[in-house]
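> These protein sequence lines map, in sequence, to chains H and E. The numbers in the working numbering rise by one with no breaks, and the one at position 50 of the first sequence is 50. The numbers in the working numbering rise by one with no breaks, and the one at position 208 of the second sequence is 469.
Errors might be hidden in some of the hints.
[Claimed, not checked] Keeping only pairs whose Cα atoms sit at most 27 Å apart, straight-line, the calculated DSSO-like set for lysine-lysine is:
1. K448/E with K412/E
2. K422/E with K225/H
3. K187/H with K319/E
4. K150/H with K422/E
[As the list claims (entries may be wrong)] Here are some chain E residues pointing at chain H (derived, C-beta under 10 Å):
5. P307
6. D331
7. K363
8. F376
9. T377
10. K378
11. S394
12. T404
13. L407
14. S408
15. K422
16. H425
17. A427
18. K443
19. P458
[Stated by the list, open to error] DEER-style ranges, computed between Cβ atoms:
20. K245/H with K411/E: 34 to 44 Å
21. K187/H with E336/E: 44 to 54 Å
22. E335/E with V122/H: 45 to 55 Å
23. S283/E with S193/H: 43 to 53 Å
24. E335/E with S236/H: 37 to 47 Å
25. S69/H with P499/E: 27 to 37 Å
Honestly, the hints are just simulated from the structure, not real lab data. Backbone N, C-alpha and C define an ideal beta-carbon position, used for all residues, glycine too.
2 protein chains.
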Amino acid sequence: MAEITLIGSGNVAWHIGKALASAGHSINSVYSRNFSNAKLLADWLPNSTAIDHTDFSKSNSELFIIAVSDHALEEVVSKVTIPANAVIAHTSGSMPMEVLNKFPHYGVFYALQTFTKGKEIVMEEVPFGIEASDVSTYHRLETVALSLSKKVEPINSAQRKVLHIAAVFACNFTNHLFSISKAILEKEKMNFSILEPLIKETLQKAFELGPEAAQTGPAIRGDEKIIQQHLDYLKSKPEIQQLYKLISENIMQKEERGKGV
Amino acid sequence: MAEITLIGSGNVAWHIGKALASAGHSINSVYSRNFSNAKLLADWLPNSTAIDHTDFSKSNSELFIIAVSDHALEEVVSKVTIPANAVIAHTSGSMPMEVLNKFPHYGVFYALQTFTKGKEIVMEEVPFGIEASDVSTYHRLETVALSLSKKVEPINSAQRKVLHIAAVFACNFTNHLFSISKAILEKEKMNFSILEPLIKETLQKAFELGPEAAQTGPAIRGDEKIIQQHLDYLKSKPEIQQLYKLISENIMQKEERGKGV
């Protein structure tokens, strides 16, 4: 089991910290630019201390996990010093591994999940993407990831960037469509929860059959009459109407091409 | 328990037919424009006969459920005759109830779910939207719906149309985003299944917190740098790039307005 320092005190730090502690690792210290946040997290973890400086050159930790927001990462990296033999890794889905290249052993410890404070996650099911500066560092990070999850794989910085784009489409944009859907229903005094079974089945079919085969709806059927009725209904919301139109065209084009994007 | 005739032999007819039979109703006959399809379904249902004509004026059925595609509905309706006291209802999410107004007692028996032959559905959880020409017909349809599902509510034709638009956004368009996401991943030798835990969590949060509160990602953070990187990556796929841009703008506008669509 590893001696670990957590740098950061946001959602990712809380969830990863808790999972690491539960897996038997020792999170001996927590640093955050906001000391009181570091203290809250350190108090919550077993045998952990909040630290108010970034000189870790005398630390017992063999692994430093930086879980801070992307825009804070470079500043934090510029300040931190660690023991020569220690490994340092960030958890960002967007930042290249090389932002850590001032350290001898560095990598990425990327948990592909959205974390919310206070909301439980089955960490064992969360895919971890590992990247490292060298093979031995890879194995050190992989061992720690495997103590949390059964889904650990090498993902390089280019793949991680693409994974983030794919997740924006499949999660962030999808969620926005849910918002639109909810607003449309509420305007007519219906509750978004009425769509829950249909949305769940849509999701299940997308994973069972593949989303291309599972596509249904007026656009894939080329049902211009229904599409026009829907566009007419949306005319008072031009930005939503435009979105309906663009996605429908996109589905129809795809059908015509008979292949993926 | 009701004596029922099914008109249609597609996915909806199979699923509704099976659920009705399991609930103890008698599907005494099945009609389809394609007789051999009617026969397949009738053979699969207990004590059911395939019928090759549309004159049901002497039928024992007290309920006729028309589960055919929207474009076939009017033609089928023009041909069918039923006993004076019987109820006839269609299952379409898009067609107005009034397409049935040549009959004395008519309505809509709308199951808000996507049905695939051979794929089990927990019918009890499927929301049913009922509309009827008169109160007594409403109660007859409601009683049958309640024998299948615990979620039965009155939904008029205007609401049903809006529900369909909302479902297009939340399901059809969402599924298309999954297709895009999958294609992006596969191009970089990654598997779409890596996103499954994240997508499931996104869905769960959308229903627990509401999708407006659950929105995450570069657009809601106003992270122009990441958005630009993503747009650059997508430049070889202009229609996907345009979609990324439009949805991101839409999310940002919504955030600025600080309110729903």
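> For each hint, tell me whether it holds in the structure or not.
Okay, the hints, checked on the actual structure:
no.: 1; hint: K448/E with K412/E; result: 42 Å, violated
no.: 2; hint: K422/E with K225/H; result: 13 Å, holds
no.: 3; hint: K187/H with K319/E; result: 45 Å, violated
no.: 4; hint: K150/H with K422/E; result: 45 Å, violated
no.: 5; hint: P307; result: 26 Å, violated
no.: 6; hint: D331; result: 7 Å, holds
no.: 7; hint: K363; result: 22 Å, violated
no.: 8; hint: F376; result: 9 Å, holds
no.: 9; hint: T377; result: 7 Å, holds
no.: 10; hint: K378; result: 12 Å, violated
no.: 11; hint: S394; result: 21 Å, violated
no.: 12; hint: T404; result: 21 Å, violated
no.: 13; hint: L407; result: 16 Å, violated
no.: 14; hint: S408; result: 18 Å, violated
no.: 15; hint: K422; result: 7 Å, holds
no.: 16; hint: H425; result: 8 Å, holds
no.: 17; hint: A427; result: 4 Å, holds
no.: 18; hint: K443; result: 6 Å, holds
no.: 19; hint: P458; result: 5 Å, holds
no.: 20; hint: K245/H with K411/E: 34 to 44 Å; result: 37 Å, holds
no.: 21; hint: K187/H with E336/E: 44 to 54 Å; result: 34 Å, violated
no.: 22; hint: E335/E with V122/H: 45 to 55 Å; result: 50 Å, holds
no.: 23; hint: S283/E with S193/H: 43 to 53 Å; result: 25 Å, violated
no.: 24; hint: E335/E with S236/H: 37 to 47 Å; result: 29 Å, violated
no.: 25; hint: S69/H with P499/E: 27 to 37 Å; result: 31 Å, holds
The structure fails hints 1, 3, 4, 5, 7, 10, 11, 12, 13, 14, 21, 23 and 24 (numbered hints given earlier, in ascending order).
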